[in-house]
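**Student:** Start counting the sequence shown at 75; every next residue gets the next number (my numbering).
Check before you lean on any hint, since a few could be wrong.
As the list claims (entries may be wrong) - Pairs of lysine to any residue residues, derived as SDA-like cross-links and limited to a Cα-Cα distance of at most 20 angstroms, are as follows:
hint: 1; residue 1: Lys422; residue 2: Trp446
hint: 2; residue 1: Lys422; residue 2: Val494
hint: 3; residue 1: Lys175; residue 2: Leu89
hint: 4; residue 1: Lys323; residue 2: Asp306
hint: 5; residue 1: Lys205; residue 2: Pro100
Note that these hints are calculated values from the structure, not bench results.
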Amino acid sequence: MTKFFSWIPTVSGRLSYSHIGESRWPTKCVRTNYIGDSNYSQAIFFQARYCDDFVVPFLPRRWGWLRNKVVSYIHWQKYKKTLSGRHFFVGVVDCVIDQDKPLDGLKGRIYPILDIKVRQTSGRKIASDIKSKIAYIEDIETEMSGASLSALVDSIKDTVDNVCPVVIEFTLCRNGIVELTPRANSDMQVSESELKDYAEQAFFFLRDISHNHQHHESDSDTIVRVHGENDDYRKKIYFDLFRYIIRFKRTRSPENIMRASGLLAYANSFKNINKDENNFPNDYQIENLKMSLDAAHVDIEYRTQRRNSRTSFALTASFSFFGALLALTALSQFAKDPIKDTIVPDLKIIWLTNYIAANPIATVTGCIVLGWVSMLAFGRIRPNRFVWFENIQRLLNHKKKWVFLLPLAIIGIVTILIGVWFFVSFVI
Numbered sequence: 075m076t077k078f079f080s081w082i083p084t085v086s087g088r089l090s091y092s093h094i095g096e097s098r099w100p101t102k103c104v105r106t107n108y109i110g111d112s113n114y115s116q117a118i119f120f121q122a123r124y125c126d127d128f129v130v131p132f133l134p135r136r137w138g139w140l141r142n143k144v145v146s147y148i149h150w151q152k153y154k155k156t157l158s159g160r161h162f163f164v165g166v167v168d169c170v171i172d173q174d175k176p177l178d179g180l181k182g183r184i185y186p187i188l189d190i191k192v193r194q195t196s197g198r199k200i201a202s203d204i205k206s207k208i209a210y211i212e213d214i215e216t217e218m219s220g221a222s223l224s225a226l227v228d229s230i231k232d233t234v235d236n237v238c239p240v241v242i243e244f245t246l247c248r249n250g251i252v253e254l255t256p257r258a259n260s261d262m263q264v265s266e267s268e269l270k271d272y273a274e275q276a277f278f279f280l281r282d283i284s285h286n287h288q289h290h291e292s293d294s295d296t297i298v299r300v301h302g303e304n305d306d307y308r309k310k311i312y313f314d315l316f317r318y319i320i321r322f323k324r325t326r327s328p329e330n331i332m333r334a335s336g337l338l339a340y341a342n343s344f345k346n347i348n349k350d351e352n353n354f355p356n357d358y359q360i361e362n363l364k365m366s367l368d369a370a371h372v373d374i375e376y377r378t379q380r381r382n383s384r385t386s387f388a389l390t391a392s393f394s395f396f397g398a399l400l401a402l403t404a405l406s407q408f409a410k411d412p413i414k415d416t417i418v419p420d421l422k423i424i425w426l427t428n429y430i431a432a433n434p435i436a437t438v439t440g441c442i443v444l445g446w447v448s449m450l451a452f453g454r455i456r457p458n459r460f461v462w463f464e465n466i467q468r469l470l471n472h473k474k475k476w477v478f479l480l481p482l483a484i485i486g487i488v489t490i491l492i493g494v495w496f497f498v499s500f501v502i
């Protein structure tokens, strides 16, 4: 039986069980939480999730329906069967273990329900029934709701048995350490790699309903992954954190320095959690790295102030120059009538004003595109700071080099055409 381990980041070193489920990422989590009740100590969490980031990572979460269609189409073309990327994750907390000890934990199960029809059983209908029962439990009185919760927890296993390819048993410790044990459904063919994929998706589900993403974007948070029990998982998790700290630090920007500083706080917290472990690595110099990040932050502030000063000076000088030029041209109205007749605006200016008046939308669009390309050319915009750009890079990393030639050729041709149009229209 394969076990996997990971860690839900917490700066304080302790999770708050009562706040688990207060999440709207990637969708709203429906919950009923009686973990703090000594009579029941149970909870149910329900959330719809799309397990298809590896296919279309650049589509935002709010377009989940489109992501689902793309995944369904790709799988149908490849395997000639429907396999949706959409799942309904149901997390069940059975009990609190070691309740009288400082580091207690939660023990439960996670059911990823396929959003397809399996043997005349609709995953969507089962998910809808569970969701409505959770809402009903929340509405009734406390004593009755606790009893209803226990009954629902007991009945879930038989209800979802036909539509869950894997059931993941988990133990979540107060310090954030997670142990995951996936068990394949005997009626469904699940490979070893799929077992690990489902264990990782179950961890992401637990992390998203337990952890508030403060130092990085939620839609690209694969910083801490799951690791096998034989992989020295503590060392691997520690390495995960510092790998991203160094990655963010190398691309110096305010956003990346803040991300690196936040992850450094997580790394320090994880180190304190595992300070009693004999084999825990101690080869990262946290204090030195913190001083380096502080110096980088000061340097960025200094460069930003200098750049803003230069920009303000350039804008002030430019507007002053054009203001003086317009003031001088206005003096032409005091000329004598024969001289006034010889003052004719340049035809390019007349054509430009006519074009702007006749095509305001195209003009605004062209100005936005030209401004964006100019800022990109002068380094004011860096695409590698955007999550969607990183996701596309991650998707194309597995492709051969010649695959990059087509998008580069298209971008180059479009840029050349825009430049030629601008030169012909406004210069010639």
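**Student:** Under the criterion that the straight-line Cα-Cα distance not exceed 20 angstroms, is the pair Lys422, Val494 satisfied?
**Tutor:** holds, 16 angstroms
**Student:** Hey, Lys422 versus Trp446, does the alpha-carbon distance stay inside 20 angstroms?
**Tutor:** violated, 24 angstroms
**Student:** Holds or violated: are the alpha carbons of Lys175 and Leu89 at most 20 angstroms from each other?
**Tutor:** holds, 15 angstroms
**Student:** For the pair we were handed, Lys323 and Asp306, check the Cα-Cα distance against 20 angstroms.
**Tutor:** Status violated; Cα separation ~26 angstroms.
**Student:** Going straight from one Cα to the other, do Lys205 and Pro100 come out at no more than 20 angstroms?
**Tutor:** Distance ~17 angstroms between Lys205 and Pro100 Cα, so the pair holds.
The structure shown violates the earlier hints numbered 1 and 4.
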